[in-house]
Amino acid sequence: MKTRKIALLMVTLLLAFSTVLAGCGGSNTNDTSGNAASGGESGDKDTVKLKVYLIGGPQRDLPMVQEEMNKYLMEKINTTVDITMIDWGDYSKRMPVITASGENYDIAFTSSWAYDYLPNATRGAFLPINDLLDKYGQGIKEQLDPRFLTGSQIDGQNYAVPVNKELASQWVWRFNKQYVDKYNMDITKIRTLEDLEPYLQQIKDNEPADITPLAVPKGFKPYLAFDFLLGDEFPVGINMNGDTGKYVNVLESEELKSSLKTIRKYYQAGYLRKDVATLEGIDNIKTGKWFVDREQTQPYAELGWSRSAGYDIVTTPMQDPVIFTGSATGAMHAISANSKNPERAMMFLNLLNTDPYLRNLINYGIEGTHYNKISDNVIEDLPAMKDGFQMPGFALGNLFLTYMHKEDPADKWEAFKEFNNSAKVAPSFGFNFNPDPVKTEVASISAIVKEFYPSIMTGAVDPDEHLPKAIEKLKAAGLDKVIAEAQKQYDEWKAANQK
Amino acid sequence: MQGIFKSLMKNKAFLLLVLPGAAWFIIFAYLPMFGTIIAFKDFRIHPGGFLESVLKSEWVGFKNFEFLFSTSDAYIITRNTILYNLGLIFLGLVLAVTLAIIMNELLNKRLAKIYQTAMFMPYFLSWVIISYFVFSFLSVEKGVFNQIIMYFGGDPVSWYSETGYWPYFLILLGLWKGAGYGSVVYLAAIAGIDRSYYEAAMIDGATKWKQIRYITLPLLRPLMIILTILAIGGIFRSDFGLFYQVPRDSGALYPVTNVIDTFVYRGLTIMGDTGMSTATGLYQSVVGLILVLLANYAVRKIEKDYAVF
Amino acid sequence: MSNLSEPIKRASAHTRRTGKKSRDLNAISPLSNVIFNIAIGLFALSCIFPFLFIVIISFTDEKTLAINGFKLFPEVWTLDAYRFLMESGQQMAQSFGVTLTVTVVGTALTLYLVTTYAYAISRKNFAQRRFFSFLAFFTMLFSGGLVPSYIVVTQVLHLRDSIWALILPSIMNAFYIIVMRTFFTTTVPDAVIESAKIDGATEFGIYTRIVLPISLPGIATIGLFSTLGFWNDWFNALLYIDNANLIPLQTLLIRIQNNMDFVVQNSSRVVSYDIASTLPTETVRMAMVVLATLPVALAYPFFQKYFIQGLTIGSVKE
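As you go down the protein sequences, you meet chains A, B and C in turn. All residue numbers for the first sequence refer to the numbering used here, where the first residue is 1 and numbers rise by one. All residue numbers for the second sequence refer to the numbering used here, where the first residue is 500 and numbers rise by one. All residue numbers for the third sequence refer to the numbering used here, where the first residue is 809 and numbers rise by one.
So here's chain A without its partners, still in its complex pose (with noise of 0.2 Å):
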């Protein structure tokens, strides 16, 4: 009898949640982006509100930019905008739900390291841009390097508009100048992690013992001419140096092999901080006790370490620049899927991408405000920027219509221009893996790197032994598997694409 009334009240409390459910079902077209019914055909030239999310801390003189921007745009386009900033650390994580909750939104801020381009695209969060591009985006075209946008497609379809920047990824060594000329060192001999070798000893044998030749935290790999599948940590990629139409084992490869045996020696020799495998983080900058360390590069880099750091760096490369399938998805904006407005949302992006007063506007904020122009092309900031204006340039859209400060080099925007169209493409360029079919592998396999890579590839064990261990298991999680798919999805685009 009790069981009876208490399925009963279960039913009847069931039955009211599911009505509540149906109701709000349909209800998430009125959200936020506040416009009622234009946007869908092309050339309609009602007045539209576009809802945008952009990456970055949020600026207190945003609204005020944003006023003179939508004055503007209401002048070239008919359209207003009404950007929100989410910051740096809750990108990522606010993202996918405000996606995942149908929200309305038209514009956001996507990239390999925030709010995942390529997981997102294949999950169906942003809509497919080729066509627009065609119709709105002819400035865009114009003005990107195509191989960003090739090189951020998937089965052939755009989904986000890339930032035209620094395109080619180079890692490159970096020097604590106080020791190179305290020492004379000639470091453009320095090429490869076997080069190092005696200036490593060098510093070891004259200089306290607080100083750390190879400052490097526990994210450190040698250098290995991989083309990776799913990034560095991950061991699965095409050897760039040897037949480069296929997918192998990593850990497996002669050159990983004779790396690791170099850098064992370096973490016995003391080069390296005895607890480099549990680093998270290293502060060499900070305390400036450090001879060398890596880090990845774009023209006139070494000026903003240097002036960050207080003290002079220098650098030599490891390799030449490359340009990967992840490089062009350094920075993008997407359309989401659930824009109302997608016409006049690319329409807003091609004049972001062409526009010198608007992009800069965006950036730096109003002039006579937030700085003052020295000449055309060279400004000076103002206190007002500082307290109320800060965004994060490389963000924005295409960087090389920004102002330049006094202290950048004249020819900055030529040398990244340059710097790009030296690089060499990688095999892979435009093909984006779709790890769907083996998730479960890649799972497993992602875990198990992290509990073998920080201690084998800083030499903090011995690799003869650890090696063939954490290959063992890897292939137990089914690696082969992962190459064998990896390999077959691959040939079928370089076949669809002619390659």
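It should be emphasised that the hints constitute simulated quantities derived from the structure, not laboratory data. Just so you know, even glycine gets a beta-carbon here, dropped at the ideal spot from N, CA and C. Watch out, some of these pointers could steer you wrong.
[Said to hold, decoys possible] Taking lysine to any residue and the SDA-like style, the derived pairs with C-alpha atoms no more than 25 Å apart in a straight line are:
id, chain 1, residue 1, chain 2, residue 2
1, A, Lys475, B, Thr577
2, A, Lys49, A, Asp87
3, A, Lys473, B, Phe564
4, B, Lys505, C, Lys1005
5, A, Lys93, B, Tyr782
6, A, Lys412, A, Asp145
7, C, Lys932, B, Asp693
8, A, Lys49, A, Asn104
9, C, Lys871, A, Val180
[Claimed, not checked] Negatives, chain C to chain A, calculated, CB over 12 Å:
id, residue
10, Ala999
11, Ile1001
12, Leu1024
Please arrange chains B and C on chain A, whose structure you already have, making use of the hints.
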């Protein structure tokens, strides 16, 4: 139907009392629960809102659960999760009750209050911060432990690579952080015990220890049992920070620090698959539910009032 | 009952004044007292010690910290960390106000909802009590996940950018309910309630006039937990609030910290944003702990006075 309606009317005073709370549960807890369906689907975004995305996504049965079981680590992570939780639950219970009883007996009440406040402090520290302190003790080069060892002529220990010590470290740290918070409930419970019971017992010649054993503990028993049953419900979940931040995500320690939550976190960073993470949560919840139902049933058999429901 | 409360009041007043029980006949021996004091004192010290360090580190110079590690007597003292945080000084004051409001209102609502619900399900003659106990308990184990909750709050209830988004999602808690229910069933004998009903009291009257006063320790416990919960919550704001005027203190601090971490970790990508390596990350982190913890640590003694045995007992005897 008649019977139910009559019963509801008879209890209407109580129903009115639970109404606001029940409404809250329905809106904020039960309504969102339909989202757990995602665990069985390959979630893709469709224009038209979340509901449509969920409905239109493909069913994939139990595929999202596979990686929890097919991995060679499945046994390890499950074992670690359960053992650590059992240790923390039962030792935590003993510690909290002991602290509460002792503090209640201290002669200087002002001092007791100061101790209470002090013991509460670790609750405010995040595991990240605690991991810094642990590091300052266990660091190979400058850590306090190794300094002491070397002072006495021994060899420094690479603490973050030696698995043997960590089960003890982790349990001690977990207990330390939760002791203050855990003892508050018992303190409050003891405060509500009628002192005349103790006086009567003392007159009868009972020692302090006997009084605790025959008065305090039995009166605390309902609370202890219920809190333990509730804790069992979370037996497949772990305090992420303790198992991830404190060991500094050291690969060598994974065999003893890897629990279900850390395993899932490490596995899903590349793909961020919503279906798989929802599946994990569902798995943990279902196991917890089964265990609680069992425990609750067992307790009901012994003493009806001590059960959760 | 009123004739019993006088001696009780006197005894508790005496206890409060002197910190000693007026009748020591049942107390533990002085030796045991010393032993226990030492044991617990050491434990308490171990709990306080990190905080001491944290305060000191927050006044340490970042560079010295990086070079020398945590030291009780740092070589270089500085106010840099606090200065950095005070740059958002006005924001911080605003956030403090938000947190205060949310905590007070939230705790009040929680206490009301939790105690009424728990009282109802503690009464044996509530026919549906098992159902409602289960209704509450089930939510401790199962949750729908982030997105469905987000949808409920933003689309169904339209609470985005509203202070209620910081309060409402947290005002009910099955754990509190079950703890409170246990307090009710163990400290309030049925006999008392029965005799009150015979005297003609309503359920609500029994609740307010008899049960609540006896259960003060339990209510204080839930009040404490609830206060701490609201004070420390940073997640709700992260999801639902864009308006800078409604950001609570913890969210502000966590945001500052996440941003610092993020910028430092991704410094290669944000090269043009070249403040990364000079951020006083570690010392600021510690300063944040100090700012976030002190106010509420000072609130704890407020609840403590309800945990003294002898304050409320005796009033149950007929």
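So, going through the hints one by one against the coordinates:
no., hint, result
1, Lys475(A) to Thr577(B), "holds, 22 Å"
2, Lys49(A) to Asp87(A), "holds, 23 Å"
3, Lys473(A) to Phe564(B), "holds, 20 Å"
4, Lys505(B) to Lys1005(C), "holds, 21 Å"
5, Lys93(A) to Tyr782(B), "holds, 23 Å"
6, Lys412(A) to Asp145(A), "holds, 17 Å"
7, Lys932(C) to Asp693(B), "holds, 22 Å"
8, Lys49(A) to Asn104(A), "holds, 12 Å"
9, Lys871(C) to Val180(A), "holds, 22 Å"
10, Ala999, "holds, 26 Å"
11, Ile1001, "holds, 23 Å"
12, Leu1024, "holds, 33 Å"
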